[in-house]
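Student: Based on the sequences and whatever the hints tell you, model everything.
Going down the list, the protein sequences come from chains A and B.
The numbering of the first sequence is full-length UniProt numbering, which starts it at 1 and goes up by one.
The numbering of the second sequence is full-length UniProt numbering, which starts it at 1 and goes up by one.
Possibly wrong hints are sitting among the right ones.
[Unchecked claim] Beta-carbon label-pair distances, calculated as ranges:
1) B:Leu489 with A:Leu139: 46 to 52 Å
2) B:Thr175 with A:Lys418: 31 to 37 Å
3) B:Ser408 with A:Met323: 30 to 36 Å
4) B:Lys427 with A:Phe25: 55 to 61 Å
5) B:Glu409 with A:Tyr303: 44 to 50 Å
6) A:Ser67 with B:Asn37: 48 to 54 Å
No wet-lab data here; the hints were simulated from the structure.
The model shown is predicted, which means the values in this text are computed figures rather than measured ones.
Yeah, the Cβ is synthetic: ideal placement off N, Cα and C, and Gly gets one too.
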Amino acid sequence: MVLINSWSVTFCTIVMLVFISMLSFNQYFSNIMNYIFLYNNVSSLLIFLSILLVGLCFISTPENKKSRYMMCLLSLLFILVIVFSVNNMLLFYIFFEASLIPTLLLIISWGYQPERLQAGSYMMLYTVCASLPLLMVLLYWSYSEGSFMMCLSTMTTNYESMNFFVYLAFLVKLPMYSCHLWLPKAHVEASLAGSMILAGILLKLGGYGLIQMNYIFNISGNKSTFLIFIMSLSIWGGLLASLMCLRQVDMKAFIAYSSIGHMALVIIGILNDQVWGILSSIITMYAHGLCSSAMFCIAYYSYLKVRSRSLMHIKGLLQVYPMLSFFWFFLCSINMAVPPTLNLLGEMFVIPSLWSLSILFIFVMGLMIFFSGVYNMFLYTSINHGVHSKYILYSVSMNSSQYMSLIMHMFPMILFLKLELFFFQKKIIVELQNQCFSVKLFWNEPHQ
Amino acid sequence: MFKKYQMSFLLFSLMIFFMIIMMLFIYKNMTFILEVNLLSINTCEFSFSMIFDKVSFMFVTIVMMISSSVFLFSCDYMKEDIYFYRFMWILLSFVLSMCFLIFSGSLLFMLVGWDGLGITSFALIIYYQSKDSLIAGFHTMLINRIGDVFIVVSFFLFVFLGHFYYYPMCSTALTLMTILSVASLTKSAQYPFSSWLPAAMAAPTPVSALVHSSTLVTAGIFLIIRLSMVIPMTKELSNMLLLLGAITCLLGGTAAIYEFDLKKIIALSTLSQLGLMVFTLGMGLTNITLFHLFMHALFKALLFLAAGSVLMMSFGVQDMRFLGGISNSAPFSIVIFNISGFCLMGAPFLSAFYSKHMILEKMMFSSMNILSIVMISFATIMTAMYTTRMMKSLVWGKPNIKLIMKNSESIYFSMIMLSFFAIISGKYMWSLENWFLECVFIPNYLGMMINFFVLMGILLGLIMSVNNSYMWSSMFFLAPFYINSGKLLNPFLKNMYFLDYGWLESFSKIDIISKVSSNFSILLFSWPIFINSFFRSFIILMIIFIYVMSY
Numbered sequence: 001m002v003l004i005n006s007w008s009v010t011f012c013t014i015v016m017l018v019f020i021s022m023l024s025f026n027q028y029f030s031n032i033m034n035y036i037f038l039y040n041n042v043s044s045l046l047i048f049l050s051i052l053l054v055g056l057c058f059i060s061t062p063e064n065k066k067s068r069y070m071m072c073l074l075s076l077l078f079i080l081v082i083v084f085s086v087n088n089m090l091l092f093y094i095f096f097e098a099s100l101i102p103t104l105l106l107i108i109s110w111g112y113q114p115e116r117l118q119a120g121s122y123m124m125l126y127t128v129c130a131s132l133p134l135l136m137v138l139l140y141w142s143y144s145e146g147s148f149m150m151c152l153s154t155m156t157t158n159y160e161s162m163n164f165f166v167y168l169a170f171l172v173k174l175p176m177y178s179c180h181l182w183l184p185k186a187h188v189e190a191s192l193a194g195s196m197i198l199a200g201i202l203l204k205l206g207g208y209g210l211i212q213m214n215y216i217f218n219i220s221g222n223k224s225t226f227l228i229f230i231m232s233l234s235i236w237g238g239l240l241a242s243l244m245c246l247r248q249v250d251m252k253a254f255i256a257y258s259s260i261g262h263m264a265l266v267i268i269g270i271l272n273d274q275v276w277g278i279l280s281s282i283i284t285m286y287a288h289g290l291c292s293s294a295m296f297c298i299a300y301y302s303y304l305k306v307r308s309r310s311l312m313h314i315k316g317l318l319q320v321y322p323m324l325s326f327f328w329f330f331l332c333s334i335n336m337a338v339p340p341t342l343n344l345l346g347e348m349f350v351i352p353s354l355w356s357l358s359i360l361f362i363f364v365m366g367l368m369i370f371f372s373g374v375y376n377m378f379l380y381t382s383i384n385h386g387v388h389s390k391y392i393l394y395s396v397s398m399n400s401s402q403y404m405s406l407i408m409h410m411f412p413m414i415l416f417l418k419l420e421l422f423f424f425q426k427k428i429i430v431e432l433q434n435q436c437f438s439v440k441l442f443w444n445e446p447h448q
Numbered sequence: 001m002f003k004k005y006q007m008s009f010l011l012f013s014l015m016i017f018f019m020i021i022m023m024l025f026i027y028k029n030m031t032f033i034l035e036v037n038l039l040s041i042n043t044c045e046f047s048f049s050m051i052f053d054k055v056s057f058m059f060v061t062i063v064m065m066i067s068s069s070v071f072l073f074s075c076d077y078m079k080e081d082i083y084f085y086r087f088m089w090i091l092l093s094f095v096l097s098m099c100f101l102i103f104s105g106s107l108l109f110m111l112v113g114w115d116g117l118g119i120t121s122f123a124l125i126i127y128y129q130s131k132d133s134l135i136a137g138f139h140t141m142l143i144n145r146i147g148d149v150f151i152v153v154s155f156f157l158f159v160f161l162g163h164f165y166y167y168p169m170c171s172t173a174l175t176l177m178t179i180l181s182v183a184s185l186t187k188s189a190q191y192p193f194s195s196w197l198p199a200a201m202a203a204p205t206p207v208s209a210l211v212h213s214s215t216l217v218t219a220g221i222f223l224i225i226r227l228s229m230v231i232p233m234t235k236e237l238s239n240m241l242l243l244l245g246a247i248t249c250l251l252g253g254t255a256a257i258y259e260f261d262l263k264k265i266i267a268l269s270t271l272s273q274l275g276l277m278v279f280t281l282g283m284g285l286t287n288i289t290l291f292h293l294f295m296h297a298l299f300k301a302l303l304f305l306a307a308g309s310v311l312m313m314s315f316g317v318q319d320m321r322f323l324g325g326i327s328n329s330a331p332f333s334i335v336i337f338n339i340s341g342f343c344l345m346g347a348p349f350l351s352a353f354y355s356k357h358m359i360l361e362k363m364m365f366s367s368m369n370i371l372s373i374v375m376i377s378f379a380t381i382m383t384a385m386y387t388t389r390m391m392k393s394l395v396w397g398k399p400n401i402k403l404i405m406k407n408s409e410s411i412y413f414s415m416i417m418l419s420f421f422a423i424i425s426g427k428y429m430w431s432l433e434n435w436f437l438e439c440v441f442i443p444n445y446l447g448m449m450i451n452f453f454v455l456m457g458i459l460l461g462l463i464m465s466v467n468n469s470y471m472w473s474s475m476f477f478l479a480p481f482y483i484n485s486g487k488l489l490n491p492f493l494k495n496m497y498f499l500d501y502g503w504l505e506s507f508s509k510i511d512i513i514s515k516v517s518s519n520f521s522i523l524l525f526s527w528p529i530f531i532n533s534f535f536r537s538f539i540i541l542m543i544i545f546i547y548v549m550s551y
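Tutor: In C-alpha cells, the structure reads:
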C-alpha cells in the first residue's frame, strides 16, 4: 500500500508491465491455457493495450496523484487483465461486470458536472440490464457442459434460440447503434482518464466478449435472420453515428459518436465470423483503442486552453498553439483511416467479409468511409482553422508530459509491421479421446 | 542565411541522383520490384511492393526537377510568412507522397501516396486562414475522398485476385480496372469531378504550381498508365476515357475563355490538358500520355511560377482586368510567361510541340468517333485562344493598379532553370528514350490542319472579347452542384435529432425509474462519497475470485 501510494513507483511498475506484456506477443501457440488462464493473441494484444493505456492515463494527468485515483485505475487494470486472460466463463462474466465499478467511479468521482450522476446510472443500467440474461445462458451452458472452461466447450447443444441474449450484453457494451445512448453521455461527463479507458479498452471488452461467445457457442456466421438483422443494423447504425458526428458541438461527444461508427465494423466483422472479418475487427479494436484514447487526450488539452469543449468556442488553435493543432491534424487523419495506419487496414479488411453478405453492405461501407473523412476533417478545421476565438485564455504551450502521452499513443501503431499478431485462429475442434481434462495446444500455421 | 534554401538544394541533388539512375535504367532497360510481405492469409499475400523501372525514375526526376525550382521560388514567395517552415514541411511531405505513389507497386503503398496527396493537399489549400480557402479545401478533399472510397472498396476484388499489386494487373480483373480508373478520374479532375481543380487555386501559388503540374492531378493519370501498361484496356473503359477526356478538354477550354482570374485560367488550362491526356489514354497510347504528362508538368509549373511572380508585383491581385503592361515593368517574367504560354499552345520546337502534335496526329490517324475528334479540335482552338487572351491582357495595355517590382534572384533562378527544361526537354527526352516514339501516316492537309487550329485560336484570342458568364465560369454549373450538395444532407441531419434524443431516448425511461425509487437512487448516487466502500467491494471480489479459483 505504501508502494502503491507513490506515484512514481506505480508509474515505473506500469512501464515495466508494458514491456513484460510485450513479451507475450511472441507466441508459438495459438492458444495457451492452464486451469485458470487462456491466452491467445487477441488477449495478449488487449492486455498490452490496457496496460499501456492505464500508463498513459498516468502520464496524461500528472496533476492528479491521489492514491484513490491511482487505486481506481490500478484495480481497473487488474480487472481488465483478468477479463482478457481468464479461462473460466463465470469468472469472465464476473470481471466483465466488475470493470463497471471503477469506470463508474472514474465518471462519478472525477467528473465535474452534476449530470455525471445521470450518465453513470445510464451506463450502469444499460450494461447491467443487458448482461444479466447472459448470466442465465452461461449458467445453463455450464450445466450442460459440466464445466466452466471455455476451451472445453463441445458445441453440441444448439444455442440458436438464445443468440439474442448471448450477444446483447456485448452489443450494448460495444455499443451498437440504438443501444449506444449511454456512451456519449458517459464520455461527456467522465474525466480524462475515464474517457481514455472507456474508449480505449472497455469498448474493446465488448468485442473480446463477442469473440469469446463465438468461441463457446457455435452460433455465429451461419447467416440466420437474426444475425443478418444485427449486422445490417450495426452498419446502418455506424453510418447514422457518423452523420450524428456532424451535428455535435461537444468535442467529446463528437469523438464518442465517431467511435460508435468504428465499433460497427467490429460488430459486423466478428458476427460474420470469417477470416478477413475477424482480422479486421481485431485490427480495428486495437487501432481504435489507441486512436480514440489519443483523441480524448488532445480534446482535454484543448479544453485546458479554452475551458470549453464546445466547437463554437474553440476556434483557430493553429494560430495560437501550432503543436496542438499539428497533433489534431495527425490524430484526425489517423481517425479517418489514412494509410498506412492500422485503422485503414481495419476498414479495408472488413470489405471481403461484407461482400460475402451482400454487395449492398459495401455500398453502406463506402458511405461510411466517405463520411468518416468528412467529419474528421470537419472536426479538425472547426477547431484549428480560421481566426482564433476570443474565448481562448492565456496559457502555456503543451508541456513534455502531454507530448509524451500523445506520441506514446501513436507509437504502438508500429505493430502495423507485425500483422500476424492480429491474425486470430479459431479453435480447431479436436475430439479428445477421453473427456477428462487435458491441455490442448495448437501450433500456429507457420508464417514466412 | 542559406538555411531557407536547404530543401531546394536537397531536391535538386536528388534530381541529379535520380537522373543518373534514370539513364542507367533506360540504358539497361530493367525493372526491379521490391516486395515486402506483411501478412499472408491462406494464399492471399498482403504485400508492400515498390517498382523501380524507367517510368518511375523518369517521373520522379521530373517531380524533383519541378519541386526543386518551386521550393526555390517559394523561398522568396513565402518569405514574409511567419510560418514559412511549416509551409515548406507540408509542401515537402506533399512531394514525398507523390514519390511514394510513383514508386508504388501494390495497393497499400499506392494508398499511402494517394491518400497522402489528398491529405497534404487539403492542408495546403486551407493554409490561408480564410473561409474561402476552407470551402475550397473541403471541395477538393471530399471529391478526392470519393476516389479513395472507390479504391478502398475495391479491396475485395484484390482479394479475389489473391495478390495486391496493380502492376502487372491480371487480365481477368476488368471490374477492378474499371473501378480504379473511376477512382483516378476523381484525382485527375475529369468531367463529373472536375470542379475542384479551379477551387484548389485558393492555395498559395507554389502549391498550385506543384499540384497542377506534376503531383496531385497527374496521380490519377499515372495510375491508369500503370494499369494499362501491360494489359490493354477493355473497349468500354477506353470509350469512357475517350468521351470523358474530350468533354473535360472542351469544358476546361470553354471555361477558361470566360474566366478573368489569372490563376483560374491557368488551372482550367491544366484541366483541358488533363482531358487531353485521358483522351490519349483512351486511344491506348500510354507512352505518349506519359510523354505529354512530363512536358505538361514542366511548362505548367513554369507558367504558374511566372504568374506567381506577377502576383508578387500586384500584391495578390489576380484579376486580369486590373493587370496589364507588365512587359514594361517586369520584362523577364513576361518572357518566361510567353515561353510557357507558347508551350501550352504547342508552338513548334518547344517541348510540348513534340507531345501535343503527336497526340493530335495520332487522333487523326486512329479510327475513333467523330464526336471526340470534333471536341478535341475545338479544345485545341480554345487552348490557343485563351492563352493568347491571357498573354494579351498581361502584356499590352496599362495596369489599373500599382505594380511594384520586388522580384529577387531566387525567383529568377528558379524560373530560368525550369524554362531551360521546358524548352529543351521535349527533344531531349525524345532522343533519349525511343519508347516515346510513334509513327503516324496521315495526309498532308490533316497535318497542316493542326497548325491551322493553333493559328486560328491565336487569331480568335486576339480579336475576340467575351462577357462574364456564370454558366461557363462555374464549369457548366458543376461547381455550384458540388458546393451545394451538402445542403441535401441538412434536413437529414436535422431529423437525426429525433432519433437520438427522441425515440431512442424514450426507449430507456431511466428518470421515471429513479423517481419511483428515489430512496434507492439516493443510495445509488451517494455511495461514491464513501469511497472506502469501493475497497470493501474490491476485497469481496478478490474473495470471490479466490473462491472460484479453488473451486
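Student: So, for every hint listed, does it hold in this structure?
Tutor: Status of the hints after comparison with the structure:
1. B:Leu489 with A:Leu139: 46 to 52 Å: holds, 48 Å
2. B:Thr175 with A:Lys418: 31 to 37 Å: Roughly 32 Å apart at Cβ, these two residues keep to the hinted range, so it holds.
3. B:Ser408 with A:Met323: 30 to 36 Å: With a Cβ separation near 32 Å, B:Ser408 and A:Met323 satisfy 30 to 36 Å, so the hint holds.
4. B:Lys427 with A:Phe25: 55 to 61 Å: holds, 58 Å
5. B:Glu409 with A:Tyr303: 44 to 50 Å: holds, 48 Å
6. A:Ser67 with B:Asn37: 48 to 54 Å: holds, 49 Å
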